[in-house]
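Based on the sequences and whatever the hints tell you, model everything.
Chains A, B and C supply the protein sequences, listed in that same order. Residue numbering for the first sequence follows the numbering used here, starting at 1 and increasing by one per position. Residue numbering for the second sequence follows the numbering used here, starting at 1 and increasing by one per position. Residue numbering for the third sequence follows the numbering used here, starting at 1 and increasing by one per position.
It should be emphasised that the hints constitute simulated quantities derived from the structure, not laboratory data. Keep in mind that a hint or two might mislead.
The list that follows gives simulated cross-link-like pairs (lysine-lysine, DSBU-like), each with its CA atoms no further than 35 Å apart [what the hints assert, rightly or not]: (1) A:Lys31 / A:Lys198; (2) C:Lys50 / C:Lys62; (3) B:Lys59 / B:Lys72; (4) B:Lys48 / C:Lys79; (5) B:Lys283 / B:Lys83; (6) A:Lys120 / B:Lys48; (7) B:Lys48 / C:Lys50; (8) A:Lys187 / A:Lys143; (9) A:Lys120 / A:Lys143; (10) B:Lys72 / B:Lys83; (11) A:Lys2 / A:Lys187; (12) A:Lys143 / A:Lys225; (13) A:Lys120 / A:Lys225; (14) C:Lys62 / B:Lys48; (15) B:Lys48 / B:Lys72; (16) C:Lys111 / B:Lys283; (17) A:Lys120 / A:Lys198; (18) A:Lys2 / A:Lys198; (19) A:Lys2 / A:Lys225; (20) A:Lys31 / A:Lys58; (21) B:Lys59 / B:Lys48; (22) C:Lys79 / B:Lys283; (23) C:Lys50 / B:Lys83; (24) B:Lys72 / B:Lys178; (25) A:Lys120 / A:Lys58; (26) C:Lys111 / B:Lys253; (27) B:Lys178 / B:Lys283; (28) C:Lys111 / B:Lys178; (29) A:Lys2 / A:Lys31; (30) B:Lys253 / B:Lys48; (31) B:Lys83 / B:Lys59; (32) A:Lys58 / C:Lys50; (33) C:Lys78 / A:Lys120; (34) C:Lys50 / B:Lys253; (35) A:Lys198 / A:Lys225; (36) C:Lys62 / B:Lys253; (37) B:Lys253 / B:Lys72; (38) C:Lys50 / B:Lys59.
These figures come from a predicted structure and were not determined experimentally.
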Amino acid sequence: MKIALSGIDSRHPAARPDSVPAIRNVSVAIKEGEQIAVIGASGSGKTTLLHVIACALKPSAGHLNLGERDPWSLPTRELQALRGRLFLAPQTPPLPPRQRVVTAVLAGRLPQQSFIASVKSLFYPSDIPGAEMALARFDIAEKLFDRVDRLSGGERQRVGLARALASNASLFLVDEPLSALDPTRSKQAIASLTEAAKERGATLVCTLHQVETALASFPRIIGMKDGALAFDLPATQVTREMLHALYANKLDELNAPMPMSDELARPAAPAVMHCR
Amino acid sequence: MTPNSMTNSPGSGTTLATQRDPAWMGRVFWFLAAIAIAWPMLVATEFKPWVLFEPSSLKPTLKFLGDFVPPKVEPGFLAMVAKETWRTVAIATAGIAIAFLIAVPLAIISIRVLSVSALTGRMNLLPASVRYAARTIAILLRSVPELIWALVFVRVVGLGPTAGVLAIALTYGGMLGKVYAEILESGEPHATTSLLRNGSGRLQAFFYGLLPQNSAELTSYTVYRWECAIRSSAVLGFVGAGGLGQQMDTSMKMFAGAEVATMLLVFIALVWIADSASAWLRKALA
Amino acid sequence: MTPKTPSAANETYRLPKRLFDARCRACWFVFGLLCLTVASFATLDLQLAKIFSADSAARMGKFLLELTSPTADPTFLKKLWVATFETFAMSLVGTAIAATLGLLLALPASKTHDADPARGRGVTRLLLNALRSIPELMWAALLLISAGLGPFAGTLALGLHTAGVLGRLFAEAIENAPQNAAFALRARGVSEGRVFLYATLPQVLPQLMSYTLYRWENNIRAAAVLGVVGGGGLGQMLSFHMGLFQMPETSSILIAMMLLVALVDVASYGARRVMQR
Ligand SMILES: Nc1ncnc2c1ncn2[C@@H]1O[C@H](COP(=O)(O)OP(=O)(O)O)[C@@H](O)[C@H]1O
Ligand SMILES: [Mg+2]
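In structure tokens:
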């Protein structure tokens, strides 16, 4: 899918209306089938950028085009259909703890399924081989029938990526896919991801904290700084100085691994009192 | 997806046989088991929803419900409802007050923290058995529902609020006693035991060590129970313990829909007020 | 504030705090409670003296003494067994109805995400509160007209009251569920019903089950007495035999009730343990 952003500003609904937008005046054009890494210090607006492209966050200014159409002027039905063709993989794998891996992976197919088919799939998984194939790409096919809460953080992250591959989206928006993976696994996961996107001609936008991996695996790099575009260059033209400027006074982040964002602490269940 | 790409990633390819869901048989089994259990249950409860829509039951129902609007708002009737509502609240309050008087000694006797002999190891036989007895009394009182106590007392002292107050007092006395003891035992016993070690009496240790530590929780639990007692007291009216429930029972037996509607609305409002008052109090105490 | 010219023997700050402080919340609270209690006792014309009179003490004593000799008459025990099973079935079916109805009502009663308009939320919550504030026994008395005497009225009564209770708890649980799984599906345009099935429900299911089991323990106690107003089960038998002052039978019924309650408590505890795995 082709993407065009011009002069996009966006702010979170929870943010104060008079605050500076989380991303400001971002203009990017992405061709169909392109693979792009977005880098930048934490808080620089990478996640926000992905959410804007995913139509999860409405821009407060500027123009967004997805596949030649402005999603926010579409009728709800068509907007939902468009959303079904893209895949947003949040940073923390969005998997309910007691769900089984196979169900979690097949949830990637929901937009293309009828309601009846999705309910049936809860009782007997609709496409076990498909789910297994997607998991095998990330080397965790043997966990197919395990429960998500019995997996390690890294395994959960790979299940989240397998869900992306199980879906037949034409645009992958992947947020920090490597934050819980060791270097070897990281390399393998990124390879699987880029390879799969290439096979199906899908566009891939991936935010990354591992600058070296980004430069090695992606032909085009976007640098974000304080909510604005710092650079948008082929990987070969990104210099050491640019990176230093990008991570100015956050140099530790340039080399140190990203701290895994802990899953939000569950609010305690409300205390219930009964009369007997 | 090309087969080539599949074999590129390690550990795949060979394991890719079409699998069956291992949980499937279990699911089928539990589904059938649920039906096998549900069937006799539905038979035992005479679960026949279509009965509700047979003309012989639908007609009186509709007539009764039709009477609901408008509710009866005649001044004399409203005055009676107000008086009975107060009686319901009063039965609950008086019942809780007596329950409190029953519960406090039961709780104080039954908690281990206040044992002097337990300070130096095992509790002596006599105090241990007294504690055990207090606990048993609390559990026995609590395990008989207030409605059954009310049936008993209506036969002993006759119809009227006395039976309701006593029924609430006994059941809630047992409940409060048990829960007070649990709350008092759950905290850190250090302050209390050190008072006891320094030679203060059990009641002194209770008032200076145990009570201040737990007073907020104890109060909020009691207030919550008071709210429950209001519902109970309305229900006890149905067996003749006075109050709103008794009037409702009478009106229902006469199929007086308008009267029932008024009383239901008043009762819902009463529960709502008690609910918000107790929620507010618990928040203020926390 | 200390006054500029000390007129008292002691500085004011050295004096102990005034005992009665208009802002002292606890004092007002205790005072209000005392007033309410005194007013209650004053207006109720209680015959507490009567219950401690020799006459009624003797009656009470006889009553309780007779309760200690339960009957074991086989034909009676057979009837008792049927009523016990009926009570058990009422609690189970009633709880199941309540869980289903409660979940159906909890969905419109909860605001699942920031952009959710939740239009029916106010109305549904009002309905849930109304269902909840009318006790089971009152529901049973109301339902006698349409469902007739017997366990069906009692079952429906349990179901309706408990649906109100569970519906509210379920709605709270659904609203408090972590958002990220649902967000990921919503971002792909998945409809709300399927977001619930695939993201929210698997997260809250253990909590919903544990609420339901707690309510089952509660409902077995309620089911045991619903029969007093004609709702079937042990209660109906109890009020019949107690009305005829047949104490041995009454005693057996009470024992059956306690055993049944204990059994359900154990079953529910076991089920909760199994679910925690
Ligand atoms: N939920 C939110 N509510 C309000 N402001 C937010 C929220 N999430 C992020 N922001 C703001 O948006 C900015 C960009 O955040 P984000 O896009 O998450 O950065 P990154 O992904 O690069 O770490 C942050 O500075 C933060 O202040
Ligand atoms: Mg981020």
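How the hints compare with the structure:
For the suggested pair Lys31 of chain A and Lys198 of chain A, the alpha carbons sit about 13 Å apart, so the restraint of at most 35 Å is met. Straight-line distance between C-alpha atoms of Lys50 of chain C and Lys62 of chain C comes to about 16 Å, which keeps the hinted pair within the 35 Å bound. Taking the CA atoms of Lys59 of chain B and Lys72 of chain B, the gap is about 22 Å. The hint holds against a cut of 35 Å. Restraint check for Lys48 of chain B and Lys79 of chain C: the C-alpha separation of about 22 Å stays at or below 35 Å, so the hint holds.
Proximity of Lys283 of chain B to Lys83 of chain B is assessed by CA-CA distance (about 30 Å); at most 35 Å being required, the pair is judged to hold. Using a Cα cut-off of 35 Å, the hinted pair Lys120 of chain A and Lys48 of chain B holds, with the two alpha carbons roughly 29 Å apart. This hinted pair does not check out: Lys48 of chain B and Lys50 of chain C have alpha carbons roughly 47 Å apart, beyond 35 Å. Taken as a hint, the Lys187 of chain A and Lys143 of chain A pair is honoured in the structure, with Cα atoms around 21 Å apart against an allowance of 35 Å.
With a CA separation close to 22 Å, the supplied pair Lys120 of chain A and Lys143 of chain A stays within the 35 Å bound. Pair hint Lys72 of chain B plus Lys83 of chain B holds up; C-alpha atoms about 16 Å apart against a cutoff of 35 Å. Of the pairs offered as hints, the one joining Lys2 of chain A and Lys187 of chain A holds, with about 27 Å between alpha carbons and a cut-off of 35 Å not exceeded. The hinted pair formed by Lys143 of chain A and Lys225 of chain A fails the criterion: a straight-line CA distance of about 39 Å is larger than 35 Å.
For the hint pairing Lys120 of chain A with Lys225 of chain A, the CA-to-CA distance comes to about 46 Å; that exceeds 35 Å, so the pair is violated. The straight-line distance between the Cα atoms of Lys62 of chain C and Lys48 of chain B is roughly 43 Å, outside the 35 Å bound, and the hint therefore fails. Distance restraint check for Lys48 of chain B and Lys72 of chain B: the Cα-Cα separation of roughly 33 Å lies within the 35 Å cut-off, and the hinted pair is therefore satisfied. Distance check on the hinted pair: Lys111 of chain C and Lys283 of chain B sit about 24 Å apart at the alpha-carbon level, within 35 Å; holds.
Using a Cα cut-off of 35 Å, the hinted pair Lys120 of chain A and Lys198 of chain A holds, with the two alpha carbons roughly 32 Å apart. For the hint linking Lys2 of chain A to Lys198 of chain A, the alpha-carbon distance of about 15 Å falls within 35 Å, and the restraint holds. A threshold of 35 Å between alpha carbons decides the hint, and for Lys2 of chain A with Lys225 of chain A the separation of about 24 Å falls inside it, so the pair holds. A threshold of 35 Å between alpha carbons decides the hint, and for Lys31 of chain A with Lys58 of chain A the separation of about 22 Å falls inside it, so the pair holds.
The suggested pairing of Lys59 of chain B with Lys48 of chain B holds, with an alpha-carbon distance near 17 Å, which does not exceed 35 Å. For the given pair, Lys79 of chain C sits about 49 Å from Lys283 of chain B by alpha-carbon distance, which is inconsistent with the 35 Å threshold. Restraint check for Lys50 of chain C and Lys83 of chain B: satisfied, since their Cα atoms lie roughly 24 Å apart, inside the 35 Å limit. With a CA separation close to 43 Å, the supplied pair Lys72 of chain B and Lys178 of chain B exceeds the 35 Å bound.
With a C-alpha separation of about 34 Å, the suggested pair Lys120 of chain A and Lys58 of chain A falls inside the 35 Å cut-off, and the hint holds. With a C-alpha separation of about 42 Å, the suggested pair Lys111 of chain C and Lys253 of chain B falls outside the 35 Å cut-off, and the hint is violated. Between Lys178 of chain B and Lys283 of chain B, the direct Cα distance comes to roughly 23 Å. Compliance with the 35 Å bound is thereby established for this hinted pair. Of the supplied pair hints, the one linking Lys111 of chain C and Lys178 of chain B is violated, its CA atoms being roughly 38 Å apart against a limit of 35 Å.
A hinted pair counts as satisfied when its Cα atoms are at most 35 Å apart, and Lys2 of chain A with Lys31 of chain A qualifies at roughly 5 Å. Restraint check: the Cα-Cα separation between Lys253 of chain B and Lys48 of chain B comes to about 24 Å, which is no more than 35 Å; the hinted pair holds. Taking the CA atoms of Lys83 of chain B and Lys59 of chain B, the gap is about 33 Å. The hint holds against a cut of 35 Å. Distance check on the hinted pair: Lys58 of chain A and Lys50 of chain C sit about 75 Å apart at the alpha-carbon level, beyond 35 Å; violated.
For the suggested pair Lys78 of chain C and Lys120 of chain A, the alpha carbons sit about 45 Å apart, so the restraint of at most 35 Å is broken. A distance of roughly 31 Å separates the Cα atoms of Lys50 of chain C and Lys253 of chain B; the hinted pair therefore holds under the 35 Å criterion. Restraint check for Lys198 of chain A and Lys225 of chain A: satisfied, since their Cα atoms lie roughly 29 Å apart, inside the 35 Å limit. For the hint linking Lys62 of chain C to Lys253 of chain B, the alpha-carbon distance of about 33 Å falls within 35 Å, and the restraint holds.
Our distance criterion of 35 Å between C-alpha atoms is met by Lys253 of chain B and Lys72 of chain B, whose separation comes to about 16 Å. The hinted pair formed by Lys50 of chain C and Lys59 of chain B fails the criterion: a straight-line CA distance of about 47 Å is larger than 35 Å.
In this structure, the earlier hints numbered 7, 12, 13, 14, 22, 24, 26, 28, 32, 33 and 38 are contradicted, and the remaining ones agree with it.
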